[in-house]
Structures are given as structure tokens and as C-alpha cells.
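Put chain L with the ligand on the given structure of chain Z with help from the hints.
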Amino acid sequence: MQVPFWDERIETASRGDLEALQLERLKKVVDSAFKTPFYKKRLAKAGMSSSDDIKSLEDLKKIPFTTKDDLRKSFPKGLLACDMDEVNRIHSSSGTTGIPTVIYFSGEDVDTWTDLVARCVVCTGASKKDVFQNMMTYGLFTGGLGLHYGAEKAGMTVIPVSSGNTLRQVQIMQDFQTSVVHATPSYMLHIRTVLDENDISLKQLNLQKAFIGAEPHSENVRKKIEELYNIDAYNSYGLSEMNGPGLAFECVHKAGMHFWEDGYIVEIVDPETDENLEDGEPGEVIVTNLIRHATPLMRYRTRDLASILPGQCECGRTHRRLSRIKGRTDDMLIINGVNVFPSQIEEVIMKIPEVGTNYQICLDKQGALDRLTVQVEIYSKMFTGSAGELENLRHRIVEKLKGTITIKPLVKLHEPGFLPVYEGKAKRVIDERPKDEQ
Amino acid sequence: MTKQLNVFVENRPGRLESVTQSLLESNINVRAFAMQDRGDYGLLKLIVDKPQEAYLALSEKNFACALKDTLAISVPDKPGNLHKLTTVLAENDINVIDAYGFVLEPDHQGICCLEIENLKETNAPQIVSEAGFEVLSAEELSDL
Ligand SMILES: [Zn+2]
Chain Z
1 MQVPFWDERI
11 ETASRGDLEA
21 LQLERLKKVV
31 DSAFKTPFYK
41 KRLAKAGMSS
51 SDDIKSLEDL
61 KKIPFTTKDD
71 LRKSFPKGLL
81 ACDMDEVNRI
91 HSSSGTTGIP
101 TVIYFSGEDV
111 DTWTDLVARC
121 VVCTGASKKD
131 VFQNMMTYGL
141 FTGGLGLHYG
151 AEKAGMTVIP
161 VSSGNTLRQV
171 QIMQDFQTSV
181 VHATPSYMLH
191 IRTVLDENDI
201 SLKQLNLQKA
211 FIGAEPHSEN
221 VRKKIEELYN
231 IDAYNSYGLS
241 EMNGPGLAFE
251 CVHKAGMHFW
261 EDGYIVEIVD
271 PETDENLEDG
281 EPGEVIVTNL
291 IRHATPLMRY
301 RTRDLASILP
311 GQCECGRTHR
321 RLSRIKGRTD
331 DMLIINGVNV
341 FPSQIEEVIM
351 KIPEVGTNYQ
361 ICLDKQGALD
371 RLTVQVEIYS
381 KMFTGSAGEL
391 ENLRHRIVEK
401 LKGTITIKPL
411 VKLHEPGFLP
421 VYEGKAKRVI
431 DERPKDEQ
Chain L
1001 MTKQLNVFVE
1011 NRPGRLESVT
1021 QSLLESNINV
1031 RAFAMQDRGD
1041 YGLLKLIVDK
1051 PQEAYLALSE
1061 KNFACALKDT
1071 LAISVPDKPG
1081 NLHKLTTVLA
1091 ENDINVIDAY
1101 GFVLEPDHQG
1111 ICCLEIENLK
1121 ETNAPQIVSE
1131 AGFEVLSAEE
1141 LSDL
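As given, the protein sequences belong to chains Z and L, one line each in that order.
According to this note's numbering, the first sequence holds residues 1 to 438 in order.
According to this note's numbering, the second sequence holds residues 1001 to 1144 in order.
In isolation and in its complexed conformation, chain Z is listed as follows (with noise of 0.2 Å):
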């Protein structure tokens, strides 16, 4: 299967050819990088004077990681190395402890950005006959806006409906006949139950692909989708610090996310010793974007979890692919000093066809120990009325767990439609334990 190339002479380079151009825009954003506040002392202090100092891809090492803790403290204008005439765009993010980072883009950033974007919408094999419902959400978070502008520039049919009001995305689906939407799994799983509820068959839709992407989740997640809609689903990956989405993105094979390597320099670190690993090695993913000059940013720890797929895709790409993210380095849970990650209880949980697509997994404490309750809905459809088959499935649910975590959890069969649904990025974990105790 080949979809046509975006920009096949870069998308094809050979890696000599992909790494001097990679020295090549490292060092301009190096210099980039010393306008600003921020890494003018950072890389002052590495023993760094100028991009002189990187002579070869293997000096990347010599910079220091950025963190978002950096971001925040750099707040408004630590990071912005140019004058604000230049600047024609910002993306901010309030983020839960209420310190905001920014980024801020120049114009030809933006460009830049866009392109990249494009390219990943025509890896899957759209074009410009495709009509594109964008149910990402618009405004400062980067979701939206940035998958609307290279969807456009791939010259789709973009309806920029954002999220939420899942009868209007509905009855827009309908009414326009799209063809490709753009939304977070979970939300995905939830319009799925809202056109049963409406009696509304796929015959009276068109849709044929989904760009799924803003929060980690399984295969077995994707699978489903596919299933539920009898479509193809890519996964997409993107983090608001390096632009947005338009990082990697699966392309017609599905087998891993090419991530755009004259774009960005992509490393897999092992998150306690920061140590360097190799292709293949699970890790956290850290990122130097080489394409924005009005934010620079180098060696981002992103805190996900992914690893670099080794060998070719099928596709002719030459760009190498990550896996998907299997979660993040803040997400993980130590649950009686064990370390568990929601994607593993969402993974096995997904592949039991007699549990609906909603859970919820809640911590707290019993006497002194941890207690995980994981909270499944029955699917209705696969329903036999038998009391037996209940607690055998409960039963069954508990040893798959077990099998996996090694950590034994209460199940609890819940009636479909009992556990919340969520249009935006879905709260699964509910951790009730102490802080202090954790």
C-alpha cells in the first residue's frame, strides 16, 4: 500500500543526508537559544559559548535537559529569543499547579509547524478529498489549531467544530458526510455510545479514518475503535512545548509513529540514571525541536514513555518511528511499592468483550496498605442474564489483572452508563490515598 509523499525528497533522505541537515539546524537554534534569558545562563553554566561548540549530532549531549519545571520559572519571557514584533502567535498552558508555560511562535514557525502537520495527515492517506471534522479542542491548548492548519494546508475540507456537544459533532457527521475526524480516544469511545443511544447506523455516515491522539492509551483501545466504527485509527503524538501535534504520526502501515527527524531530534533516555538507550530500549522521550526559533527548545523531557522502533517502515520513510506512548514518568503508580501504569490495567481490561469501554481505576488505603478498585461497566450487548457468568467474569477480570500487575484488585461490575464519560481527556485514576503517605 503507498499513499503519495508530502515532501518525498526530505521524507525519503537517506540518514546522511537527514543528519547534516540535523547539525545544520542545531546549531541555528543553539544560537537561537543564546538570545534568551533562559539558556544563556544554562548553557553558560554546561561550559557552552556558542554553537561552536557543537561540532558534531554527538555533542547534543553537552546541553542540559530542559524541564517543564524550567518552563514555568521561565515565565513570560524567560525562553523568547526574539523581539515581540516578530512574534504572531502564543500557546500557553495553565497546567494544574496554575503556573503557566508559554510558547510563542514566529511566523515562520508557524509555517514550519504546518508542514509538518501536512505531511503526517498525508502519511495516512488523505488528501484533499477527504472532509476533515477537527473535534480537537481549539484556542490555547495546541490540538486544534495545529491539526486544523495542516489538515488546510493538505488541502482537506476542514470543519473546525472543536470539542465537545457530541449530538452537534453528531449531526454534523451527517450532514457533510465527513470522512476523517480528529479527537481523543475516549471521546472517540463516547460518540460511539451516543449514536447507539440515537439509533443513528454508520450507513448514514461517512467516515472512513481517525487521528487519535492527546492521552495515552492501549492497542487493544485503538482495535476497538477500528471495530466500533469499521475504520482505520492512527495514532498521533504531540506535546503543546513542541508545537503540538505534527511530532510523529502513524502512516498507512500503523506500525509505530514516524516522528519527523529534520523537525526534531528525538532520544530515549532512561528516566532514573538519564543515560542515553538504545533504539528498541522503552524510555523517557526527550526532544530537541529544531524548526522554532522564536521559543527555543532544547533536550525537552517530555515524562512520556516510548521507545524508538528499530529497522525500516514499509512506507519508505526514512524517518524512524516511535511506539506508541505507554505512559508517562508522573503518571506511574506505586501501589504498595509496585510500580503500575494506567495503560496496563487499560490494556488488559479492553480486551475482555463482556466490559464496556469506560473505567475507572481508584487508590486508597486500607489499615496500612493500598487497596486498588478497578471499576468496569457491563456492556450490555454481551449480556446472558446469568448470575454465574457475572462473578466468573469479575473473577476473571481480577486474575487477568493480577496476571499483569502482579497486584490483586477489587473489581467492580458497574451497570452500563454508570461511570462518568468525559469529551475532553479522560480522568481515569482516582487516587484517594494520603499525600503525605505516598
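Take these hints with a grain of salt, some might be off.
[Unchecked claim] Lysine-lysine pairs mimicking BS3-like chemistry, simulated, CA-CA at most 30 Å apart:
no.: 1; chain 1: L; residue 1: Lys1061; chain 2: Z; residue 2: Lys412
no.: 2; chain 1: Z; residue 1: Lys223; chain 2: L; residue 2: Lys1061
no.: 3; chain 1: Z; residue 1: Lys381; chain 2: L; residue 2: Lys1078
no.: 4; chain 1: Z; residue 1: Lys27; chain 2: Z; residue 2: Lys153
Source of the hints: derived by calculation from the structure; they are not laboratory data.
Frame of chain Z, contents of chain L with the ligand only:
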């Protein structure tokens, strides 16, 4: 075969009420019911006048429910009759998964609803009839 409607109901205030509300809205009459307690949830078993309609009404409200085949047997309300029935079942190696009964007319007629394991393979209706019990049809059950 007579049908019983099994509904998954969480053990929280108001859940039973929302089942009966849905049944009321669809004008469905409940003939008999039993609740099987399973801790956090229960299984509500209903004998109704219009099982298929009741099933659709509850499904539409997103309840997890299922229609199960059940054996409704008329048992004369006299000492020893229930024993006679269970003896026949035991002699024929028929396993009862779930059962409940009610007296329809004191000293005269009782009804026994049985959920039988692998009902279709057991030939249970015939065995019970041959032992002198009346097995009620779906119509007879809803006309009680
Ligand atoms: Zn590919």
C-alpha cells in the same frame, strides 16, 4: 418456552426504582419477581406479561438485561408436592441453577419457576409433565 427477564442491577438506592419506572412507562405488568443478591450488585428476575416488550424497554434505557428460558410449573399447594417435584428432577439428573416459587391460591395452586442448566438438552418439560405436573405455556403464565 416461558421467558424470564434477568436484569443486572447495582446495589444502590434508586436502581430498582428506575427499572420499575421503565416498566411502568411501557405499561408492563409484573407477575412475579425475585432478587438474587451478589453483594455490590444483584440480579433481578422478572416474570412479566410482555417479556419481549419489557426487554426492549429496558435495553433502550441501557440496562444490561437478558431473556432467559424458564420452566414455570404448576404445583398443587399440598405437603410433599415440592418434594415430589425435586425428586423427579434428581432422579433424571437435572440441575436447577435458580428457583423461586409463590402460592397462587392457598391450599390449591402454587407456581414454581425453575432455571435449568442446559434446559434444551434435558427434556425437562416432558419429564415433569409425565410426573403429573402441569408445565405452563408462555400464554398461561402471562394470563395468571
Ligand atoms: Zn511508514
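Against the structure, the hints come out as follows:
1. Lys1061/L with Lys412/Z: This hinted pair holds, its Cα atoms lying about 21 Å apart.
2. Lys223/Z with Lys1061/L: 27 Å, holds
3. Lys381/Z with Lys1078/L: Roughly 43 Å between the alpha carbons, so the hint for lysine 381/Z and lysine 1078/L is violated.
4. Lys27/Z with Lys153/Z: 28 Å, holds
The earlier numbered hint that this structure contradicts is number 3, and it is the only one.
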